[in-house]
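Using the sequences provided together with the hints, build the complete structure.
All residue numbers for the sequence shown refer to my numbering, where the first residue is 23 and numbers rise by one.
For the record, the hints were derived by calculation from the structure and aren't laboratory data. One thing to keep in mind: the hints can contain errors.
Said to hold, decoys possible - Derived DEER-like restraints, expressed as beta-carbon distance ranges:
| id | residue 1 | residue 2 | range |
| --- | --- | --- | --- |
| 1 | Val73 | Ser98 | 22 to 30 Å |
| 2 | Gly197 | Glu144 | 21 to 29 Å |
| 3 | Ala272 | Gly215 | 39 to 47 Å |
| 4 | Ala272 | Gln194 | 41 to 49 Å |
| 5 | Ile204 | Val274 | 43 to 51 Å |
| 6 | Gly222 | Leu266 | 33 to 41 Å |
| 7 | Arg264 | Ala184 | 23 to 31 Å |
| 8 | Thr242 | Ala272 | 48 to 56 Å |
| 9 | Val62 | Asn199 | 20 to 28 Å |
| 10 | Ser98 | Ala272 | 20 to 28 Å |
| 11 | Leu266 | Gly115 | 23 to 31 Å |
| 12 | Arg72 | Ala117 | 31 to 39 Å |
Even glycine gets a Cβ: it sits at the ideal position worked out from N, Cα and C.
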Amino acid sequence: MALLQISEPGQSPNPHGRRIAVGIDLGTTHSLVAAVRNGVPECLPDDQGRVILPSVVRYLDAQRRQIGFDALAQQSNDPGNTIASVKRLMGRGLADVAHAARLPYALVDAPGMVRVRTIAGEKSPVEVSAEILATLRFRAEDSFADDIFGAVITVPAYFDDAQRQATKDAAQLAGLNVLRLINEPTAAAIAYGLDNASEGIYAVFDLGGGTFDISVLRLTRGVFEVMATGGDSALGGDDYDRALADWALAQV
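Structural data, given as structure tokens:
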């Protein structure tokens with residue numbers, strides 16, 4: 023398990039106490055939560071054994087909602103109230119959303135951040151993301167039969183301050199204490215054990231649901247430094263799907 027020994031100034035750590043921390047990948051298309059058990063990292067499954075969670079929220083009315091696979095299954099039947107790929111809207115105004123006209127749900131211009139119009143009222147990307155994060159939090163709490171002290175959450179390396187703050191706000195709304203935000207390329211490098219490898223410079227490609235990026239990392243004394251990052255914020259899996267659909271329709 024991921025255990026953190028916490029002590030206040032002037033106090034000694036309690037060897038019998040434990041606080042559980044998890045890692046969360048809040049993805050454009052899918053999300054998941056993981057932890058370390060007996061020194062081995064593992065993704066935590068839901069009650070049906072599925073480790074991934076589609077990053078999709080469907081609003082049925084002001085009180086009811088579906089999240090994950092249930093929402094995804096109804097996406098074609100209720101596209102206007104089924105919010106997918108909300109990560110691409112985090113911390114963004116309407117003018118910043120180049121693909122707004124092609125979304126199946128309606129966006130509303132609002133100060134600071136765009137909002138989504140649903141049957142349950144206007145929802146911010148922070149609120150929608152919080153639904154996904156809360157589902158992962160409940161999954162983790164069920165897995166450990168205990169409360170979660172905090173979470174480390176991955177974010178794209180190109181995320182600016184507004185997008186990072188929006189991610190923190192979503193986690194707080196979901197009842198999660200954000201211990202740290204970690205850049206996705208750095209997380210990928212650590213996951214593949216590069217932190218234990220020789221010092222040097224590494225290139226990490228990140229092809230996700232919303233973006234296609236490359237980051238160049240320097241590993242020095244176990245510390246990763248992001249030297250440069252670049253890519254296209256409109257060249258992810260969503261965009262490939264849309265291009266293929268457009269091509270197929272053009273053949274008719």
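Do the hints match the structure? See the list:
1. Val73 <-> Ser98: 22 to 30 Å: holds, 25 Å
2. Gly197 <-> Glu144: 21 to 29 Å: holds, 22 Å
3. Ala272 <-> Gly215: 39 to 47 Å: 45 Å Cβ-Cβ, so the 39 to 47 Å window holds.
4. Ala272 <-> Gln194: 41 to 49 Å: Hint holds: Cβ distance 45 Å, inside 41 to 49 Å.
5. Ile204 <-> Val274: 43 to 51 Å: Holds, at about 45 Å.
6. Gly222 <-> Leu266: 33 to 41 Å: holds, 38 Å
7. Arg264 <-> Ala184: 23 to 31 Å: holds, 25 Å
8. Thr242 <-> Ala272: 48 to 56 Å: holds, 50 Å
9. Val62 <-> Asn199: 20 to 28 Å: holds, 24 Å
10. Ser98 <-> Ala272: 20 to 28 Å: holds, 21 Å
11. Leu266 <-> Gly115: 23 to 31 Å: holds, 29 Å
12. Arg72 <-> Ala117: 31 to 39 Å: holds, 37 Å
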